[in-house]
Amino acid sequence: MIEKSQKKRVQKKIFCLVLLAMASFVLAGCGAGGPQDISYNFKQGIKEVTFSFLENAPPKQVYPSSNFKMIAAVDNQAAYDVTNGVVKIVGLDARYFYVTPEEQEFGPLLGKSILSPAGDKVFLEFDGFSQALFENAEEYVGNFLLKATYHSTMDFADTVCINPTLYDVYSAGCKVQASKAYSGQGAPVAVTKLEEVVSPDAAVEFRIFLRNSGRGKVSTLTLNNARLGGKELECEFQRAVENKKSLILNQKMQEAALICKTLLDSQNSYETTLSLGFSYKYEVEQRHSLRLVK
Amino acid sequence: MVASPERVTLEKEPVKREQATEKYFPTFSKAGGAVKGAVVGAAATAGSSAVDAVKDPGFILFIVGLLTFIFNEYLNNTAIAVLIGTVFMFFSAFFIFKGKGMAVTVIFWVWYVFFGGVTDIEGIKYVIIPIVLVGMVVHGLTKSISKQGTFGEGAMGELLYGAIPIMVFFLDLGLLNWLAQEFNVTLSTSSQNILLFTPWWALLGLFTTQRENTFITIARMVGVVYIFSIVLLGVVPEAYGTYKSAIPTPEEFLAAKQEISEQLPARENPLISQIACIGDADYESCIQQRQEESELRSLCKKNEEVQKGVLTFDDCLTEEKKKKEEAKYLVGGVIDPTIKLPTKFKLEIDREFFPFKTYLEFSSPEYPITLKYENTRAPVKADLSCAFVKGSEELPGKITSGENITLPVGSGTEGITCVPEGTLKGKYELRVTAFFKDLETATHLTRFFVGEKDSQEVVEIQKAIEKTESRDLAYFSTSQFPADLARFNFGFGSPPKNPLIVGGKPVQLGMSILNSGEGKLWEIKSYGVILEGFNAPCLSKSNIKIPSDEQSNKQIIIPGCQIMDYPGELKNPEEYLKRTFEARMVYDYQLENKFAVEIVGKTG
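Heads up: the sequence lines are chains A and B, in that order.
Sequential numbering from 0 applies to the first sequence in numbering that gives the first Met the number 0.
Sequential numbering from 0 applies to the second sequence in numbering that gives the first Met the number 0.
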């Protein structure tokens, strides 16, 4: 009985200590970021171009018949360069707010690399002018979209085992991994899974599964190159209509499957590099609002 | 890793239950049957069992959770909310679930609160899931090796008992509110109740209490009744929002919770309404009435005029009730909620000093009337008159304070004195009339021009608009106007209530005038729909006399027409264009009020 109550007392003490430590973390560390790990492999994980408005540009409240600025920060956090970027302000009612220009181009923006570890960043300035409120209304909230489109690329490379000796149980060569998963290649569009099928007629097939894990939408995805070692692969996207190396993605279905094949030159088992290069058009939409007050 | 070495006992303790049964439900012979004794006994039982229950961690969570819920409005600070959530989460994981899901809870906390949550779903898959699995394996092995349970118990306990505190942590922070906002869910009354009146931590505590006694049983029964009273139907999502992999931060949860709470008028807790209506002949109506009244009381408490003392609380209640009634019969258009001060006039009397009965021995009859005005836009000219009516007989009166007045911009009162032009005796109806000239009202209407698009693109644009505006497109179907005496309502499109204008084909323009005051809409001096660059023959008109038998009608339809053409920039925009258009109307309005008066005493 005494042992049990002592145990409970110890438990309570541990609980209080853990709680105290956590409470101090919450109160002292709320919002503060910890030190960032320095990693030199930028082509991993899901990274993308971020869009945000600067603090007070636009201001939280706008008064009638006044000028204001909207400054959009475009920050390339991905590991690849971005080209043909366009940022648009869509949905503002000209009765209340007038913005000029309504769209601006940006780029090229360099992606993160050893030479540019922070990635490129650009600020786009939009001049705004507010009109009068309707009659004696207290306020008007104008909702709008910040719409951005850009082109970028994504590379995938991994070492794969080519072993055509399917029935040789005592093969000393490498072992084929039928399926492999990936967490991303430093872009919003990522190769998430690779399946390798070696057929008895000395052919190998790679099934590459891609997914958009970013905050926007991929509209078109194109395969630029596919090599197994130094050899070109024959590839085609499933569901592709005309150009088999390019795919228009559905707004809801942001996934794609690519099938690549080649004939093997020898019966030996060996390890080689599978490399793929993609380009894509990306669209981002963000909802914001402007508040016009008396 | 903190884990309890003893076996988890969520099951009830049989010895205590037997003791409790014996203690609180004695045999009838012992009870004696005396009512007084029973009442005293029950009270004592509840009291002693309450003391007993305090030792139970579930009960502690119930009480403290309930207190934080009651004082919730003072806790809208993210750090405090997260701290309270953290304390409750670890308290429940440690004491209630005896450390069964401790690894998962700690991993979750470190990930979500300390590191701010990995917003990448891939990251969760490749980092969090393996850690959770390791936690399950370690816990399972510990249990198995120490012979305090099986591997499965330890591993599954980790998953199940870790998930419960985490889920309640999210719910308490405002998960439902956030989901409702994010996926643009239309909240039913019951859903609003769930958002506003569910004490999540208290409920978790209540249903995990391990002791059994009368007090806990009663509290649990009350809890069940409470849940049933507020949870009647589920939410019906009009989900079209796109899925985002980003997990919302505590700030986003709390902001969503606060925003939804601010949008919803504070109502009486449904349980209180239900209890208060027990015994009422019409139970349903009683509850509805109490809920509506509490909503109106809440609106009046927040009313600026009431706070400043300009308007009494009772007057505010009467006005809000009237508005609610009016809204039911509104045929088209809606009142613009951003215009807090519409133009309003009212003829009223001060009941304390108004001579309902005049004794001619004292003085000749003289009637003071007050014209109360809220004139927010331009000075208004008013012609005043009065008359005394008895059956078919009508005796004119004279406004001695001035028959033609101009009311300045602003709100105030104007004293009017009516004196009969002749001798009166007996009971009369005093009719006071104010004729307002050249009142002006304005209306606005929003339309979205989408250009030449196919039906699929139109659907996509509609979704984009609804997401951007955070509301259904139907909100824009009608025009909005201030709550003036008369209102001009218009719409154009295909049909006129469709806010999406597709392509460049002709569209229809529909118009109507609403008489929302208590008087007569005498004449429309002019109206005009301001559509610059639009080609339509019916955009404006002036000097429309309204037949006397139609002056009190609530709605007058104005013949519409086709808009044949509109500006090129609106015909084929790349995205969509949102534009607001206005209409103005100048009109004369007659307001009349009647009061029963009596003149007694000698004549001549």
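Hints should not be assumed to be uniformly reliable.
As the list claims (entries may be wrong) - Examples of chain B residues lying across from chain A (beta carbon under 8 Å, computed):
no.	residue
1	Lys-320
2	Lys-321
3	Ile-338
4	Ala-441
5	Thr-467
6	Glu-468
7	Ser-469
8	Ala-473
9	Lys-577
Honestly, the hints are just simulated from the structure, not real lab data.
Note that the Cβ used here is the ideal one computed from N, Cα and C, for glycine as well.
Verification of the hints:
no. : hint    : result
1   : Lys-320 : 23 Å, violated
2   : Lys-321 : 21 Å, violated
3   : Ile-338 : 5 Å, holds
4   : Ala-441 : 5 Å, holds
5   : Thr-467 : 5 Å, holds
6   : Glu-468 : 5 Å, holds
7   : Ser-469 : 7 Å, holds
8   : Ala-473 : 16 Å, violated
9   : Lys-577 : 5 Å, holds
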